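There are 4 protein chains.
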Amino acid sequence: MCGVAGIFGHPEAANLVYLMLYALQHRGQESAGIVSANSSTGKMKEHKAMGLVRDVFDERIIGDLRGSNLAIGHVRYSTTGESSSKNMQPILAENFKGPIAVAHNGNIVNATELRHKLEGDGSIFQTSSDSEVILHLIARSKEAKLIDRVQEAIGQIRGAFSLLILTNNHLIAVRDPFGFRDLVLGKLDGTFIIASETCALDLIGAQYIREIEPGEILVINKDGERLIKPFDKPDHFSFCVFELIYFMRPDSFAFGRSVDGFRKMLGRELAKEDIKEADFVCPVPDSSNQAALGYAHESGIAFDLGIIRNHYVGRTFIEPSEKIRHFGVKIKLNPVRQLLNDKKIVVVDDSIVRATTSQKIVEILKNAGAQEVHFRSSCPRIINCCYYGIDIPVKDDLIASRCSDAEICKQIDAATLKYQTLEGLRRAVGEDEDDYCYACLGGSEYPVPIPEELQKIGKIL
Amino acid sequence: MCGVAGIFGHPEAANLVYLMLYALQHRGQESAGIVSANSSTGKMKEHKAMGLVRDVFDERIIGDLRGSNLAIGHVRYSTTGESSSKNMQPILAENFKGPIAVAHNGNIVNATELRHKLEGDGSIFQTSSDSEVILHLIARSKEAKLIDRVQEAIGQIRGAFSLLILTNNHLIAVRDPFGFRDLVLGKLDGTFIIASETCALDLIGAQYIREIEPGEILVINKDGERLIKPFDKPDHFSFCVFELIYFMRPDSFAFGRSVDGFRKMLGRELAKEDIKEADFVCPVPDSSNQAALGYAHESGIAFDLGIIRNHYVGRTFIEPSEKIRHFGVKIKLNPVRQLLNDKKIVVVDDSIVRATTSQKIVEILKNAGAQEVHFRSSCPRIINCCYYGIDIPVKDDLIASRCSDAEICKQIDAATLKYQTLEGLRRAVGEDEDDYCYACLGGSEYPVPIPEELQKIGKIL
Amino acid sequence: MCGVAGIFGHPEAANLVYLMLYALQHRGQESAGIVSANSSTGKMKEHKAMGLVRDVFDERIIGDLRGSNLAIGHVRYSTTGESSSKNMQPILAENFKGPIAVAHNGNIVNATELRHKLEGDGSIFQTSSDSEVILHLIARSKEAKLIDRVQEAIGQIRGAFSLLILTNNHLIAVRDPFGFRDLVLGKLDGTFIIASETCALDLIGAQYIREIEPGEILVINKDGERLIKPFDKPDHFSFCVFELIYFMRPDSFAFGRSVDGFRKMLGRELAKEDIKEADFVCPVPDSSNQAALGYAHESGIAFDLGIIRNHYVGRTFIEPSEKIRHFGVKIKLNPVRQLLNDKKIVVVDDSIVRATTSQKIVEILKNAGAQEVHFRSSCPRIINCCYYGIDIPVKDDLIASRCSDAEICKQIDAATLKYQTLEGLRRAVGEDEDDYCYACLGGSEYPVPIPEELQKIGKIL
Amino acid sequence: MCGVAGIFGHPEAANLVYLMLYALQHRGQESAGIVSANSSTGKMKEHKAMGLVRDVFDERIIGDLRGSNLAIGHVRYSTTGESSSKNMQPILAENFKGPIAVAHNGNIVNATELRHKLEGDGSIFQTSSDSEVILHLIARSKEAKLIDRVQEAIGQIRGAFSLLILTNNHLIAVRDPFGFRDLVLGKLDGTFIIASETCALDLIGAQYIREIEPGEILVINKDGERLIKPFDKPDHFSFCVFELIYFMRPDSFAFGRSVDGFRKMLGRELAKEDIKEADFVCPVPDSSNQAALGYAHESGIAFDLGIIRNHYVGRTFIEPSEKIRHFGVKIKLNPVRQLLNDKKIVVVDDSIVRATTSQKIVEILKNAGAQEVHFRSSCPRIINCCYYGIDIPVKDDLIASRCSDAEICKQIDAATLKYQTLEGLRRAVGEDEDDYCYACLGGSEYPVPIPEELQKIGKIL
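Protein chains in written order, with full-length UniProt numbering: chain L, 1 to 461; chain P, 1 to 461; chain H, 1 to 461; chain A, 1 to 461.
Think of the hints as simulated: they come from the structure by calculation, not from any bench.
It is possible that some hints are incorrect.
[As the list claims (entries may be wrong)] Heads up, simulated DSSO-like pairs for lysine-lysine below, C-alpha to C-alpha not over 30 Å straight-line:
no., chain 1, residue 1, chain 2, residue 2
1, P, 142, H, 86
2, H, 142, H, 222
3, A, 145, A, 187
4, H, 456, P, 45
5, P, 272, L, 344
6, H, 360, H, 276
7, P, 97, H, 97
8, H, 142, P, 142
9, P, 117, H, 86
10, A, 272, H, 343
11, P, 86, H, 145
12, A, 142, L, 142
[What the hints assert, rightly or not] Among chain L residues calculated to face chain P with C-beta under 7 Å, some are:
no., residue
13, 258
14, 314
15, 318
The structure displayed is predicted, hence computed values, not measured ones.
No residue lacks a Cβ here, since even glycine has one placed at the ideal position from N, Cα and C.
Next up, chain L with everything else stripped away, as it sits in the complex (with noise of 0.2 Å):
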């Protein structure tokens, strides 16, 4: 779970993929990150810190990053691994045949392998990235020519990767032959703009052209662009269904669909053969926004704002010693009193993963005098991890994957409990329905093979 954004051939490159992050910020708060070049004088800059958009980036750093017309960008969502310095991106070689930087969305799931096998013929490594291992395969190639170079080296990848590449001459695109990760091409002032979503895209102004297709290498340089389709192409695409049900925000128009408009759908499906009388249905803002109301809309119940977030709490805070009451999810999600009191309330959110923060929701609301709580999830059971790139935990931590829909509602105290059925999700999906992957909902197989020892420890390393 990161987020991508590159430019090519505009003077205020840098800072058009600085706007970018901003937008795509809700898929990666860790670090964030810029590499830019000029491509008359060769040379590549580069700017990258722990934190957020706002704070890793000010006037005398994009100024400094400035007088550049290429950049690529990225901010970094610390899976379960290390959150380390270490691991920030883009990543930026510097090399005798030219400069090379790489900036990731996805997982590699032959990166350990790979990476062994480079060690042992004497690659020295920065980090703990499965990212780094690109650039050590394009920097191992023999072939003459960069496109090639990349070429050879994508093709020993296996897993997810949505990615850019950037020397000072150059911004390549990738994206793996199941398309896990979206990754889209847009043009501003006869420029081209690829970024991990269309929201990105809209920040700036640049005008949506096309999705990079699964299996696609984009080239872009002076010259214009040149399309290369290298890999076999699978029977059908696993476009990751999480990033719409959760993932990306309700703007971008994503794997050919409004996540907006797939939201309300999700929303509807949840709605059918369920309550039809309740005094409101109440989202978990903002991530459950949309599928409560696409559940208003369809059961004829009101939509309230039963909860209200608070925008102002940073990722710590300090709690009292004697843990009055566990803070947790209470200082972000704050009840309307007045509202829930007495009420009957259909309580929609997005998914339940290890339902601990469920369970302080419903208490919340109890205690802010709701006599009655129905939970909805919009994502059906969450079973298994992902291999590709979304920080599921362990299956242990799932709940669902160890309890029953009964024994998960009782612990956390709602009135009902109903999860998304993968029926329902699969109408939300539509015609394309064989072209998502399912796997960590139990509705499909994990389309590139994991190797044994990533499945024993049961997450990414």
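Add chains P, H and A to chain L, keeping to what the hints say.
Relative to chain L, chains P, H and A alone:
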């Protein structure tokens, strides 16, 4: 526009005030501070800094403030005056009679006059804040008892003040006779809590008791609480209606009513005799969500989220030097293109001040494909400045003070524009409608006379 | 022990004061600050922070202070009291009569008494520094003219004070009637410069004019300078002899004499009737270099550098938890092993306070192979504390107040130990010997009476 | 010009290395770093940052490094190349065979050639430092044993290198066959210590054992130490004479001699057949103190301290914009006016590079009243650059490479100027005079051939 919170007699006093400041953060983002006291040792400690609560305090700082059983805190909104670290609150003064601290929400209209007199008598000021005047008046009093010194000091100030005063064995709450700003009393584990809004009580699980009444001085010490009402009661109170319309958090219960409910009433009033057919009613998140819901309910038009707010954007961001199509509002408010396309929508915003934001919102929506944008303001036309602590610009900058509705509608390029009427507002307020101040809306006189020099400037110094 | 510097009427005022603070850094390393004023606009600016001049100021800060033609600066040595950012100087107070700032070197013995009186009359203090009292006394004065207010204020304080007072059009220098601390007047490009030591004048190329005389108030404004001598002249002055012995820089010219020359005289006096044969005389660099040279010249013994000082060590360093052979002094003073081996040496140090450092020096030298270490102190036995601004510990911590020379010699494990005699010191001072204060050496009375409460504590508050 | 220190098998390893870096700080002030290893867990940790040892490490950081029993450290002097945080040392590389770190003092003359080859083979470099080449060569080796991999790597590099290599169970010291830079072995509490200079051993109370010999690879692990000498012994060694003249600390014992004693010999040599009458000999503190003492002893002229060094000045300070009489040197070197007035003095400096500093010193002394200033350089004329790690400017910037003594004397405005002769230097060195490198002084060939491209540039890349 500031927030205050205090607690008397709890072993986690400083930590609880810190958490309450999170709940009050919407009332001021410029600086935050806490002064704590240990009633056994008589020691007082302080920490304050520019920035948000999450940035001002860390584990070590809260640790330093621990071991105290009394504390007050403050979040500051910089009004038109200086934004300076000198003006952070609470203000603490050491004195051989014992240290004393004050945290102030409001604005003292005769501060300049009092300051000149005090300086003339040899007092030295460390800040340019009107709040420091209060400390000097207390220090100057010849009365023997603290409470008499406070009473003498308070008797000299005019304007809006909801104050907390802390010594090493007293917590004193003061609210001006007109009651401009709210101040509420709660209880937790048998100890008294005071805060600007009930949402702060809710957060720490404190029970709401009652408002500190207009004109009340509540003195809390180890012997219990004692109430003084030294002021003449005015004919009617002057609760700030703008707090309800815009400033407070919707989950607060203020001036005896639910803020959420009040805002829905505003929406309903707006919808009466207005458009009945449109594709949907759209709020400008998050401040007008409730009014938009009220409008939707009354009009029967669907409610939908056509705009997504990006909460990751800080105070400033760096625009490209070519100022690519005016960022300003755009980076924070993102349209949901697929939802808006070809639609007729009613946008409900909380208020219109300069109309520059309104104009950009309309532009954003239309660029995203909206066919018709009908703009509604849940607040009546703002035509006068505020001298009691709300940061409203000088009259000339208030568009409604110099343009007709038709002119404003044209400027913001909306299909139609409609403001809340003063009558609608009064209906929403209900039976105690005369106990509110509507001066900025031209709906009432300024209840406390404004010194001529302030009238000339047309704003708070 | 602090340093002050000021300048009136130079376009580079703040920058020159900043440079002078570098030359005065040895007088105080805890905090540094500058207040500058522009006599045209009347604006005053300040910057102060904990730390060394090199860390407190940077290009941007000096840039902010530029555009001023008046400035004063201060470096602070934290005496026994609090080391706190609240006590940084200069102290600036805003006032409708105009801003005023003060920078103080010395100690006011009746500060507590004055402060209690001022607080009783309603003044609020922001610091725990005795220097703030001066500002309050000036503010409290009912006199119309600044100079009369200053004179009234100064008339009430007792003790050691070499002050600079700055308004937006005046620079005022004040030295107490006893003249404890030096204050010198210089000229650069036709403008007046005042500083604690002549080395500050030398650094910026200013010409030395004369000392500010004991009991003098020198008022400088655009009409020139004016000298007031409002105090009764005491029978004799009380220049601080310890400043000459230890505290000042050897390249300064102070109390009418060369510090370098005086210290060599101290060395010569020590050498009289002392050892004539040894391998070499060794200073404890850098503070006793001159005394050691004097000793060497008088005795005919060679001078050599058996100890190297490491100037890279900061205030603190982290010792191994096993405290491998007591670091303390060791990390700063490094013996030259090949030079010391098997040698008989005379070590000349500037003074002996607690004797812990002396003990470590002897240990270091002997561990490095020295056969005989003869320890000499260029300062007589220190047996009393100082109430006038020199940071000498309480009497009980002064080894010479409770041990004989023989006992101290045994404790520091030297072959022999010899102190300067009071007679030797007086001979080094020469004809104006009665114009010095020797109170800490038991060589004179305390010239300004010490309040009983201070006498009890045995140090400055 | 860097410093290295290492320790094997001590529970306080990281803390002791940290203290040794203080003793080596004069060898590099740009950055400092430590890598520590725990031989039980196999874990390695690192911390490095730009700045002085006192600023780079704090209690928490040293605490983090604790629990390790192996450690190496490095202080870096930025030579002509980039001053960048990327080039901080030690350099640590993680590898599935185990982590490995290197700290390097010296300069590898064939680094560029090796790097091009390695990059051509697909290695990725993270720094622009020549030292990283060593790590890559080790990583590339196909040998099974660490020591064989190190030996294969070292066999490929040419130039000056005194290296420490650390794994989680080995500490390896390497010194090039010519022995350019010193590296000494000591023992503390039964554990081995290695450092660039003996002053680091002295500081922590370690016993000096011997030098790591030129061409020696010393491998220390839990089974003890093992010495390898894989290189052909050259006809003679090439110890850097400039280390003795200028760079080392006077209390070090290096290349088998006392640095203090050597510098006094240089002073004595200078004094032979030179002025016998002057008021005093004056060093430029602190680097020429010993040479000046030697001169004074030989000539019979008195030694005195006419210049005081201000150690509080950092790397930069802000000059007034009018550049009041050229600060540069002035702020650090302060003349003792009363001592210099009307005097005839011999100034002994350690060396003359560009002569700009020399010129300012003469100016300072004369402005302070000196009548005659005779300038002496303890180092012979520097006419060539150094390719082995000493930061000497390109030939054109070396004044002695293009001007006669008379011309230089005129430029610095001295009464007379005299350089050490090559013969004098060789006499001071004594019997092993042929085991030194005098290339920068034109006194010998460059012992290791310099690649043509470096010769063209005339300096290290």
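We went through each hint and held it up to the structure:
With a C-alpha separation of about 28 Å, the suggested pairing of residue 142 of chain P with residue 86 of chain H holds against the 30 Å cut-off. A distance of roughly 24 Å separates the Cα atoms of residue 142 of chain H and residue 222 of chain H; the hinted pair therefore holds under the 30 Å criterion. The hinted pair formed by residue 145 of chain A and residue 187 of chain A meets the criterion: a straight-line CA distance of about 27 Å does not exceed 30 Å. For the suggested pair residue 456 of chain H and residue 45 of chain P, the alpha carbons sit about 28 Å apart, so the restraint of at most 30 Å is met.
At roughly 28 Å between alpha-carbon atoms, residue 272 of chain P and residue 344 of chain L fall within 30 Å of each other, so this suggested pair holds. Distance check on the hinted pair: residue 360 of chain H and residue 276 of chain H sit about 25 Å apart at the alpha-carbon level, within 30 Å; holds. Distance restraint check for residue 97 of chain P and residue 97 of chain H: the Cα-Cα separation of roughly 29 Å lies within the 30 Å cut-off, and the hinted pair is therefore satisfied. Between the alpha carbons of residue 142 of chain H and residue 142 of chain P the distance comes to roughly 20 Å, so the proposed pair stays at or under 30 Å and holds.
Proposed proximity of residue 117 of chain P and residue 86 of chain H is supported: the alpha carbons are some 26 Å apart, at most 30 Å. Only pairs whose Cα atoms come within 30 Å are accepted, and residue 272 of chain A paired with residue 343 of chain H is accepted, the gap being roughly 27 Å. A threshold of 30 Å between alpha carbons decides the hint, and for residue 86 of chain P with residue 145 of chain H the separation of about 29 Å falls inside it, so the pair holds. With a C-alpha separation of about 20 Å, the suggested pair residue 142 of chain A and residue 142 of chain L falls inside the 30 Å cut-off, and the hint holds.
Given the 7 Å rule on beta carbons, the hint for residue 258 of chain L holds: about 4 Å separates it from the nearest Cβ of chain P. Because the smallest distance between the Cβ of residue 314 of chain L and any Cβ of chain P comes to about 4 Å, under 7 Å, the interface hint for this residue holds. Among the interface hints, the one on residue 318 of chain L holds; its C-beta lies about 5 Å from the nearest C-beta in chain P, closer than the 7 Å criterion.
Consistency note: the structure conflicts with none of the earlier hints.
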